[in-house]
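**Q** Next come the chains, spelled out residue by residue.
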Amino acid sequence: MKTLSLYRPRDTFIHNGLDPFTKLIYLICSMISAFFIPTFSGALGLLVINLVLLAWAKEMKRALKTLTGSLLLLVTIFVIQGLFHPGNHTLLFALGPVHVYREGVVFALTISFRVVNIIAASSVLILTTSPAAIMEACVRRGLSPKIGYVITAILQMIPVMMDSASTIREAQQSRGMSLEGGLWHRMRAFLPLLGPIVLSSFLSIQDRAMALEVRGFSVPGKRSFLHDETVLRGSLGLRIVFIATTLCILVWGILA
Amino acid sequence: MISVNGLTYHYPNTQQPALQQISLAVRHGETLGVLGANGSGKSTLCYALMGLVPHFYKGGYTGQVTVDRISVANSHLGEMAQHAGLVFQNPINQFSGAKLTVEDEIAFGMENLGFAPSVMRERIEWVSEMLRITQLLQRNPYQLSGGQMQRVAIASVLALRPQVLILDEPTSQLDPLGTSEVFEALRSLRREGMTTVIVEHKAELLAESCDRLCVLKDAEVQIVDSPNVVFGHPDVQQWGIEIPRYSQVFKAFVPTAADVPATLPDTVERLENYVADHD
Chain P
384 MKTLSLYRPR DTFIHNGLDP FTKLIYLICS MISAFFIPTF SGALGLLVIN LVLLAWAKEM
444 KRALKTLTGS LLLLVTIFVI QGLFHPGNHT LLFALGPVHV YREGVVFALT ISFRVVNIIA
504 ASSVLILTTS PAAIMEACVR RGLSPKIGYV ITAILQMIPV MMDSASTIRE AQQSRGMSLE
564 GGLWHRMRAF LPLLGPIVLS SFLSIQDRAM ALEVRGFSVP GKRSFLHDET VLRGSLGLRI
624 VFIATTLCIL VWGILA
Chain H
5 MISVNGLTYH YPNTQQPALQ QISLAVRHGE TLGVLGANGS GKSTLCYALM GLVPHFYKGG
65 YTGQVTVDRI SVANSHLGEM AQHAGLVFQN PINQFSGAKL TVEDEIAFGM ENLGFAPSVM
125 RERIEWVSEM LRITQLLQRN PYQLSGGQMQ RVAIASVLAL RPQVLILDEP TSQLDPLGTS
185 EVFEALRSLR REGMTTVIVE HKAELLAESC DRLCVLKDAE VQIVDSPNVV FGHPDVQQWG
245 IEIPRYSQVF KAFVPTAADV PATLPDTVER LENYVADHD
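Chains as they are written, first to last, in the numbering used here: chain P, 384 to 639; chain H, 5 to 283.
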């Protein structure tokens, strides 16, 4: 049974040396910075940092796949903004009746840098840290265990539910239900599947709720953790540097 | 260790009692098997012993249930978790769903109750050795076989060191290999002196593993006695329970016997004696 997570364990400093909370702070700081950095060279610098971290984590290939996935969105931004940005007045080039303006292209470039930086910074966290570790780090710092549980359990349980849905579908198919054919036919064939899938999910949820209760899930009081949190020496300093740099970028962005 | 006095319960929005005037007692270290047809109230009895009835399932509740000297109706479920543990039918549904390794899954309940990490490690080692899952500790609980999953589920409950273990059809979704793994684990718990209540349909396995059997029919207790007496009872067919093959063979030879053997070695011995007496 797979987990709905992009994390793959590797033996790198980014995976195991940096603690999840520091990486989470880095992600938040990178996202804020991506929005407020006022120059292209600054945005390019942030992208280089993100790519260096991904290369260090040996996750460049998978991160580039994710970035490639956003290519259609970026191209759309360039076309729409290049042609129709409200501030367009300096013609960059014309292809027959199609006029592309400088202001639109600059704006599209700004948006694209933001998107790419956010995807790259998210990849640094998501590709190198398990969701359970991220949530555990947050629960240790005061996040409600129930919220932490819900987020982690959803990622783990969706594949389990999909597996159960697939068993129900195969059972229905073995009794003659056809899921082949046109869209309308498939939609109609899908309806009889909904009942058993929803019902079995409700029953599973009830069982799981009872199983959680008998293992003290609702007991008030402080939780403990089996594993000690391995925090890199100086990680507090690192977090302060991230936050201070972000604040500087914020001020720079507002003043610029 | 367990005392049930005059327990009557019906689920919310129903008038039909799921349990009717149930009274029984289970001694410390005893293994009680519960048999009965579907809908006879077996699972509800498990929930009542664990406290899910009346804390999780409300409804009408009269009578008294005491487990390890704790009144179930007056205790929180979290408090009950350290006195009694419940293992459900489907091993997948009782995993937390939030842990990626067996070790972390076993620790889940202890983390909820704020146990110290050193205590958790000690208990994980103890329980995994007892249930022979030490080699599985770093595996994903969802990638195990059915029998392994159910042993991990039992370990997760036992790690809280309850005095009473309640199992609600723990092998109903398992293949024969998984079933024998679970019953082997239960036999080793019996040797350790754990007080256990097992709901099961597999009469032969229950006869081998239990000190006494309780038969439920239409929400009422019909009999609580040794397997030999239960399977030899003249009304046993009407209770809708399966009789072990060995008991059936013995009954064919000795139809008038008040108690019948329920395991292979007992049956062989009793038949040898019977043949010797009638030669």
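There may be inaccurate statements among the hints.
Stated by the list, open to error - In silico lysine-lysine, BS3-like type, Cα no more than 30 Å apart, as pairs:
#1 Lys255(H) / Lys221(H)
#2 Lys221(H) / Lys206(H)
#3 Lys255(H) / Lys529(P)
#4 Lys255(H) / Lys62(H)
#5 Lys529(P) / Lys441(P)
#6 Lys206(H) / Lys605(P)
What the hints assert, rightly or not - Just a few of them, taken from the derived set where beta-carbon distance is under 7 Å, the chain H residues facing chain P:
#7 Tyr15
#8 Pro58
#9 Leu81
#10 Ala85
#11 Gln98
#12 Gly101
#13 Leu117
#14 Pro121
#15 Val123
#16 Met124
#17 Leu178
#18 Leu181
#19 Gly182
#20 Trp243
#21 Ala261
Calculated directly from the structure, the hints in this document are not laboratory data.
Every residue, glycine too, gets a C-beta built ideally from N, C-alpha and C.
**Q** For every hint, state whether the structure bears it out.
**A** Consistency of the hints with the structure:
This hinted pair checks out: Lys255(H) and Lys221(H) have alpha carbons roughly 23 Å apart, not beyond 30 Å. Between Lys221(H) and Lys206(H) the CA atoms are separated by roughly 16 Å; this keeps the pair inside 30 Å, and the hint holds. Restraint check: the Cα-Cα separation between Lys255(H) and Lys529(P) comes to about 56 Å, which exceeds 30 Å; the hinted pair is violated. A threshold of 30 Å between alpha carbons decides the hint, and for Lys255(H) with Lys62(H) the separation of about 44 Å lies outside it, so the pair is violated.
Restraint check for Lys529(P) and Lys441(P): the C-alpha separation of about 34 Å exceeds 30 Å, so the hint is violated. The straight-line distance between the Cα atoms of Lys206(H) and Lys605(P) is roughly 42 Å, outside the 30 Å bound, and the hint therefore fails. Here the hint on Tyr15(H) is broken, as its CB sits about 12 Å from the closest CB of chain P, past 7 Å. The closest approach between the C-beta of Pro58(H) and any C-beta of chain P is roughly 13 Å, which is over the 7 Å cut-off, so the hint fails.
Interface restraint check for Leu81(H): the shortest CB-CB distance to chain P comes to about 5 Å, inside 7 Å, so the restraint holds. A distance limit of 7 Å between C-beta atoms decides the matter here; for Ala85(H) the minimum to chain P is near 5 Å, and the interface restraint holds. Satisfaction of the interface hint for Gln98(H) is found here, the shortest Cβ-Cβ separation to chain P being roughly 4 Å, below the 7 Å cut-off. The criterion of a C-beta within 7 Å of any C-beta in chain P is met by Gly101(H), whose closest approach is roughly 4 Å, and the hint holds.
The beta carbon of Leu117(H) comes within 5 Å of a beta carbon in chain P, closer than 7 Å, and the hint placing it at the interface holds. Using the Cβ-Cβ criterion of 7 Å, the hint placing Pro121(H) at the interface with chain P is satisfied: the shortest such distance is roughly 6 Å. Look at Val123(H): its Cβ only gets to about 9 Å from chain P, farther than 7 Å, so that hint breaks. This hint holds: Met124(H) has a C-beta 5 Å from the nearest C-beta of chain P, less than the 7 Å allowed.
A distance limit of 7 Å between C-beta atoms decides the matter here; for Leu178(H) the minimum to chain P is near 16 Å, and the interface restraint is violated. At a threshold of 7 Å, the smallest CB-CB gap from Leu181(H) to chain P is about 20 Å, leaving the interface hint violated. Annotation: Gly182(H) was flagged as interfacial toward chain P, and the flag is violated, the nearest CB pair being 17 Å apart, outside 7 Å. The interface hint given for Trp243(H) is violated, since its Cβ lies 27 Å from the closest Cβ of chain P, which is over the 7 Å cut-off.
For the restraint placing Ala261(H) at the interface with chain P, the shortest Cβ-Cβ distance is roughly 41 Å, beyond the 7 Å limit, so the hint is violated.
Checked against the numbered hints listed earlier, the structure breaks hints 3, 4, 5, 6, 7, 8, 15, 17, 18, 19, 20, 21; every other hint is satisfied.
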